[in-house]
Amino acid sequence: MVTNQQSLRRVNDYGVVGEQPDQIADDLHELVQQKQRSLKAKAFFKKLADDPMFAPEPGRTAGRSLTEWLFMAQYPIKQEMVFDYEEQRYVPSEARPRIDLAELLTLLLRKKGINGTFEDMMDHVLEGGSFQQFLSENRLAKRA
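Here the working numbering is used: the sequence shown runs in plain steps of one and ends on residue 144.
It cannot be assumed that every hint is accurate.
Stated by the list, open to error - Cross-link-like lysine-lysine pairs, in silico, DSS-like; alpha carbons within 27 Å at most:
{"id": "1", "residue 1": "Lys47", "residue 2": "Lys35"}
{"id": "2", "residue 1": "Lys47", "residue 2": "Lys112"}
{"id": "3", "residue 1": "Lys111", "residue 2": "Lys46"}
{"id": "4", "residue 1": "Lys112", "residue 2": "Lys40"}
{"id": "5", "residue 1": "Lys111", "residue 2": "Lys35"}
{"id": "6", "residue 1": "Lys40", "residue 2": "Lys111"}
{"id": "7", "residue 1": "Lys42", "residue 2": "Lys112"}
Unchecked claim - Each pair of labels, with its calculated beta carbon distance range:
{"id": "8", "residue 1": "Pro76", "residue 2": "Ala49", "range": "22 to 32 Å"}
{"id": "9", "residue 1": "Phe45", "residue 2": "Tyr85", "range": "38 to 48 Å"}
{"id": "10", "residue 1": "Ala43", "residue 2": "Tyr85", "range": "44 to 54 Å"}
{"id": "11", "residue 1": "Glu30", "residue 2": "Lys78", "range": "20 to 30 Å"}
Worth flagging that the hints you see were computed from the coordinates, not collected in a lab.
This structure is a prediction, so every number in the text was calculated from the model and none was measured.
All residues carry an ideal CB built from backbone N, CA and C; glycine is no exception.
Generate coordinates for the entire structure from the input sequences, incorporating the hints supplied.
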């Protein structure tokens, strides 16, 4: 059976001393932050799913597609460029472009005249407010 002291000696033997524990601590801190963000998002979507405003409308079979939302928000889809060593130039990556849903929802809120971000909306809902309250409290004044 390996004791804690023996484990610590192995750590010292492999050179995990000095800066590496700091890096490990930073990595663990980042993992904890990711998990907290994930749990916050799950709680938010659970509350949103329970909001009566989002109950399915009678007679409506489907909502808008992601493509329609992207078009409506005028979302800038960014394609990553990578260096092609054979061609000796930068070319678009084969990977699919990533869509930041928080940014997309913030753009959609702006299009609808709402002065707030997705993060503001999430905080409002998690603090017990409703989606409808958020919309009415953050609506921009109409320009004359």
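Each hint, compared with the structure:
1. Of the supplied pair hints, the one linking Lys47 and Lys35 holds, its CA atoms being roughly 18 Å apart against a limit of 27 Å.
2. For a cut-off of 27 Å, the pair hint linking Lys47 to Lys112 stands: about 22 Å separates their Cα positions.
3. Between Lys111 and Lys46 the alpha-carbon distance is near 25 Å, which keeps this suggested pair within the 27 Å criterion.
4. Proximity of Lys112 to Lys40 is assessed by CA-CA distance (about 25 Å); at most 27 Å being required, the pair is judged to hold.
5. At roughly 31 Å between alpha-carbon atoms, Lys111 and Lys35 are farther apart than 27 Å, so this suggested pair is violated.
6. Straight-line distance between C-alpha atoms of Lys40 and Lys111 comes to about 25 Å, which keeps the hinted pair within the 27 Å bound.
7. For the proposed pair Lys42 and Lys112, the alpha carbon gap of about 25 Å is at most 27 Å, so the pair holds.
8. Roughly 29 Å separates the CB atoms of Pro76 and Ala49, a value that falls within the hinted 22 to 32 Å.
9. In this structure the supplied range 38 to 48 Å holds for Phe45 paired with Tyr85, their Cβ-Cβ distance being about 43 Å.
10. Our hint of 44 to 54 Å for Ala43 and Tyr85 holds, since their Cβ atoms are close to 46 Å apart.
11. In this structure, Glu30 and Lys78 meet the distance hint of 20 to 30 Å, their C-beta atoms being roughly 24 Å apart.
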